[in-house]
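Visitor: The residues making up each chain are set out below.
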Amino acid sequence: MKNFMKRYRLFIGLAVINILLIAVFPDIGLKSVNITWSNTLEMLSVIPPIFILLGLLDVWVQRDTMIRLMGEKSGIVGALIAFLLGSAAAGPLYAAFPVAGVLLKKGSKFSNVLVFIGAWSTTKIPLLLFETSSMGWRFTLVRFLINIPGIALIAYTTEKLLNKNEKALIYEKAGTMD
Amino acid sequence: MFTIILYVLAAGLLTISFLKDRKKTKIALKKAWKSFENILPQLLSILIIIGIMLALLTPETISKLIGQQSGWFGMLIAGVVGSVTLIPGFVAFPLAAALLNGGAGFMQIAVFISTLMMVGIVTITLEIKYFGKKAAIVRNGLAFVFSFAVAIVIGVVLA
Numbered sequence: 001m002k003n004f005m006k007r008y009r010l011f012i013g014l015a016v017i018n019i020l021l022i023a024v025f026p027d028i029g030l031k032s033v034n035i036t037w038s039n040t041l042e043m044l045s046v047i048p049p050i051f052i053l054l055g056l057l058d059v060w061v062q063r064d065t066m067i068r069l070m071g072e073k074s075g076i077v078g079a080l081i082a083f084l085l086g087s088a089a090a091g092p093l094y095a096a097f098p099v100a101g102v103l104l105k106k107g108s109k110f111s112n113v114l115v116f117i118g119a120w121s122t123t124k125i126p127l128l129l130f131e132t133s134s135m136g137w138r139f140t141l142v143r144f145l146i147n148i149p150g151i152a153l154i155a156y157t158t159e160k161l162l163n164k165n166e167k168a169l170i171y172e173k174a175g176t177m178d
Numbered sequence: 001m002f003t004i005i006l007y008v009l010a011a012g013l014l015t016i017s018f019l020k021d022r023k024k025t026k027i028a029l030k031k032a033w034k035s036f037e038n039i040l041p042q043l044l045s046i047l048i049i050i051g052i053m054l055a056l057l058t059p060e061t062i063s064k065l066i067g068q069q070s071g072w073f074g075m076l077i078a079g080v081v082g083s084v085t086l087i088p089g090f091v092a093f094p095l096a097a098a099l100l101n102g103g104a105g106f107m108q109i110a111v112f113i114s115t116l117m118m119v120g121i122v123t124i125t126l127e128i129k130y131f132g133k134k135a136a137i138v139r140n141g142l143a144f145v146f147s148f149a150v151a152i153v154i155g156v157v158l159a
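So the protein lines, in turn, are chains L and C.
Just so it is clear: in the first sequence, position 87 is 87 by the numbering used here, and no numbers are missing.
Just so it is clear: in the second sequence, position 104 is 104 by the numbering used here, and no numbers are missing.
Derived by calculation from the structure, the hints in this document are not laboratory data.
Here a beta-carbon is modelled for each residue, glycine too, at the ideal position from N, C-alpha and C.
Be aware that one or more of the hints could be misleading.
[Unchecked claim] Cut-off 27 Å, straight-line C-alpha distance, at most; resulting in silico cross-link-like pairs (BS3-like, lysine-lysine):
{"#": "1", "chain 1": "C", "residue 1": "K134", "chain 2": "L", "residue 2": "K164"}
{"#": "2", "chain 1": "L", "residue 1": "K105", "chain 2": "C", "residue 2": "K26"}
{"#": "3", "chain 1": "C", "residue 1": "K134", "chain 2": "L", "residue 2": "K31"}
{"#": "4", "chain 1": "L", "residue 1": "K173", "chain 2": "C", "residue 2": "K134"}
{"#": "5", "chain 1": "L", "residue 1": "K173", "chain 2": "C", "residue 2": "K34"}
{"#": "6", "chain 1": "C", "residue 1": "K133", "chain 2": "L", "residue 2": "K160"}
{"#": "7", "chain 1": "L", "residue 1": "K105", "chain 2": "L", "residue 2": "K173"}
{"#": "8", "chain 1": "L", "residue 1": "K105", "chain 2": "C", "residue 2": "K24"}
{"#": "9", "chain 1": "L", "residue 1": "K167", "chain 2": "C", "residue 2": "K133"}
{"#": "10", "chain 1": "C", "residue 1": "K133", "chain 2": "L", "residue 2": "K6"}
{"#": "11", "chain 1": "L", "residue 1": "K164", "chain 2": "C", "residue 2": "K64"}
{"#": "12", "chain 1": "L", "residue 1": "K173", "chain 2": "C", "residue 2": "K133"}
{"#": "13", "chain 1": "L", "residue 1": "K2", "chain 2": "C", "residue 2": "K34"}
{"#": "14", "chain 1": "L", "residue 1": "K173", "chain 2": "C", "residue 2": "K24"}
{"#": "15", "chain 1": "C", "residue 1": "K129", "chain 2": "L", "residue 2": "K2"}
{"#": "16", "chain 1": "L", "residue 1": "K105", "chain 2": "C", "residue 2": "K64"}
{"#": "17", "chain 1": "C", "residue 1": "K129", "chain 2": "L", "residue 2": "K6"}
{"#": "18", "chain 1": "L", "residue 1": "K160", "chain 2": "C", "residue 2": "K134"}
{"#": "19", "chain 1": "L", "residue 1": "K6", "chain 2": "C", "residue 2": "K134"}
{"#": "20", "chain 1": "C", "residue 1": "K20", "chain 2": "L", "residue 2": "K164"}
{"#": "21", "chain 1": "L", "residue 1": "K167", "chain 2": "C", "residue 2": "K129"}
{"#": "22", "chain 1": "L", "residue 1": "K164", "chain 2": "C", "residue 2": "K129"}
{"#": "23", "chain 1": "L", "residue 1": "K2", "chain 2": "C", "residue 2": "K20"}
{"#": "24", "chain 1": "L", "residue 1": "K173", "chain 2": "C", "residue 2": "K26"}
{"#": "25", "chain 1": "L", "residue 1": "K105", "chain 2": "C", "residue 2": "K34"}
{"#": "26", "chain 1": "L", "residue 1": "K105", "chain 2": "C", "residue 2": "K129"}
{"#": "27", "chain 1": "L", "residue 1": "K73", "chain 2": "C", "residue 2": "K34"}
{"#": "28", "chain 1": "C", "residue 1": "K133", "chain 2": "L", "residue 2": "K105"}
{"#": "29", "chain 1": "L", "residue 1": "K73", "chain 2": "L", "residue 2": "K6"}
{"#": "30", "chain 1": "C", "residue 1": "K20", "chain 2": "L", "residue 2": "K105"}
{"#": "31", "chain 1": "C", "residue 1": "K20", "chain 2": "L", "residue 2": "K160"}
{"#": "32", "chain 1": "L", "residue 1": "K173", "chain 2": "C", "residue 2": "K129"}
{"#": "33", "chain 1": "L", "residue 1": "K173", "chain 2": "C", "residue 2": "K30"}
{"#": "34", "chain 1": "C", "residue 1": "K23", "chain 2": "C", "residue 2": "K34"}
{"#": "35", "chain 1": "C", "residue 1": "K24", "chain 2": "L", "residue 2": "K2"}
{"#": "36", "chain 1": "L", "residue 1": "K167", "chain 2": "C", "residue 2": "K34"}
[To be verified] Now the stretches of chain L that chain C is said to cover, found in silico as 3 or more residues with beta-carbon under 8 Å:
{"#": "37", "stretch": "9-15"}
{"#": "38", "stretch": "28-34"}
{"#": "39", "stretch": "48-55"}
Okay, chain C solo, but in the shape it has when bound:
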């Protein structure tokens, strides 16, 4: 749905841009392509890494890793698994719901979801390209720690 909105928005603005200034529009499209081509090598690598990783780390394996474990150790494992994997939201949330039903705690699931979204070990080379090493490492590190704060709040509120 949102992808469709984005397409409509992009097409609409592109048309307006074209009517206003053809030359600028051409430059814009060239820039769009160049920015894409610029990250393409990393992007392709990321896609293969995710493929291999998810072939090894199946939902069943992830369930085993964070399903049975509880307490701080379980949270730590959930955080590490969440940081190194990159799963699209429409796969991740049903998986998280299934893990909850399978006996995992709210806090472990909250750490898993938060790190999954905010911490990206696989994408860090790409992030470094734009933000530099230090900023990228600091941002990911803080996001990792913050994920535990989220989990504690969720544990307190929903318990």
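Just chain L, same shape as in the assembly:
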């Protein structure tokens, strides 16, 4: 119970703020509750298959296989797999982090995990369809084409800026997260 309170204290605090908001500015407070509620429903509708796939990935894909596909020596193929995996996703970015955690745990190269995050955040296929219909294909195409080198650049620079210890710590953390 004490642990529960500690883990959820931020959430509880925010809920209290929202309740106060309802008391002081009813229209803003109630609107916020409405938005939160519809986002929660949306989250609950997209998230279950992502986590089931994550569980299956964790159980069925051997560490050796993952290292071969996306590990240190996987080269351009590993980055490509990461990019396709991220682009094929559906769902908000926050759902990508637990999947990234499993990829790290199984021995994926850190930059490949960052490529995965980059692709998930910005070149997701469902998102591109939306973008084309409201912004036009030229805007979408230009953004897509520049995003590909951009995702790689961000991934490799981020990895380069971390030293060995910092990276080791990230992998250690991913390994214990079960």
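Knowing the structure of chain L, use the given hints to seat chain C on it.
Guide: Chain C alone, transformed into the frame defined by chain L:
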């Protein structure tokens, strides 16, 4: 549509997994639940923050912030608004299209969309949980800067 594909994929693989090895499948489902429960406190907090933020930052307010402004200052505002908000794509793109019609420039809109997708201030606590402080800050910082590069290219190509 894609959500349906994901459901079909998850259900299909789950069935295959179950037929092959019941015990492993059970472990997989347990892991799925644990990974979800693990991020649940942050997730719930993020949902409330987004709710309060979007109640304050309505599409009208966002239009006012980046609609009239032009130039570098407008881009900077677009970048900050895009970084701190988290709006689902099916709301964000029509909003961006409406902003364009309302007189905002392509470059401001490009910064807004790019930061919206790649930079997550609200989700950074979750990101830190998996990547550590430094990697999370560096990734978001680079994505912020990169969003301006995207905008410049779009400005040059589409102008």
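Visitor: None of the hints should be skipped; say for each whether it holds.
Guide: Here is how each hint holds up against the structure:
no. : hint             : in the structure
1   : K134/C to K164/L : holds (13 Å)
2   : K105/L to K26/C  : holds (20 Å)
3   : K134/C to K31/L  : violated (35 Å)
4   : K173/L to K134/C : holds (14 Å)
5   : K173/L to K34/C  : holds (16 Å)
6   : K133/C to K160/L : holds (15 Å)
7   : K105/L to K173/L : holds (8 Å)
8   : K105/L to K24/C  : holds (18 Å)
9   : K167/L to K133/C : holds (11 Å)
10  : K133/C to K6/L   : holds (21 Å)
11  : K164/L to K64/C  : violated (46 Å)
12  : K173/L to K133/C : holds (13 Å)
13  : K2/L to K34/C    : holds (19 Å)
14  : K173/L to K24/C  : holds (23 Å)
15  : K129/C to K2/L   : holds (21 Å)
16  : K105/L to K64/C  : violated (45 Å)
17  : K129/C to K6/L   : holds (16 Å)
18  : K160/L to K134/C : holds (12 Å)
19  : K6/L to K134/C   : holds (24 Å)
20  : K20/C to K164/L  : violated (40 Å)
21  : K167/L to K129/C : holds (14 Å)
22  : K164/L to K129/C : holds (18 Å)
23  : K2/L to K20/C    : violated (40 Å)
24  : K173/L to K26/C  : holds (24 Å)
25  : K105/L to K34/C  : holds (15 Å)
26  : K105/L to K129/C : holds (14 Å)
27  : K73/L to K34/C   : violated (31 Å)
28  : K133/C to K105/L : holds (18 Å)
29  : K73/L to K6/L    : violated (41 Å)
30  : K20/C to K105/L  : holds (24 Å)
31  : K20/C to K160/L  : violated (42 Å)
32  : K173/L to K129/C : holds (9 Å)
33  : K173/L to K30/C  : holds (19 Å)
34  : K23/C to K34/C   : holds (17 Å)
35  : K24/C to K2/L    : violated (32 Å)
36  : K167/L to K34/C  : holds (24 Å)
37  : 9-15             : holds (count 4)
38  : 28-34            : holds (count 6)
39  : 48-55            : holds (count 8)
Going down the numbered hints, you'll see the structure goes against 3, 11, 16, 20, 23, 27, 29, 31 and 35, while the others check out.
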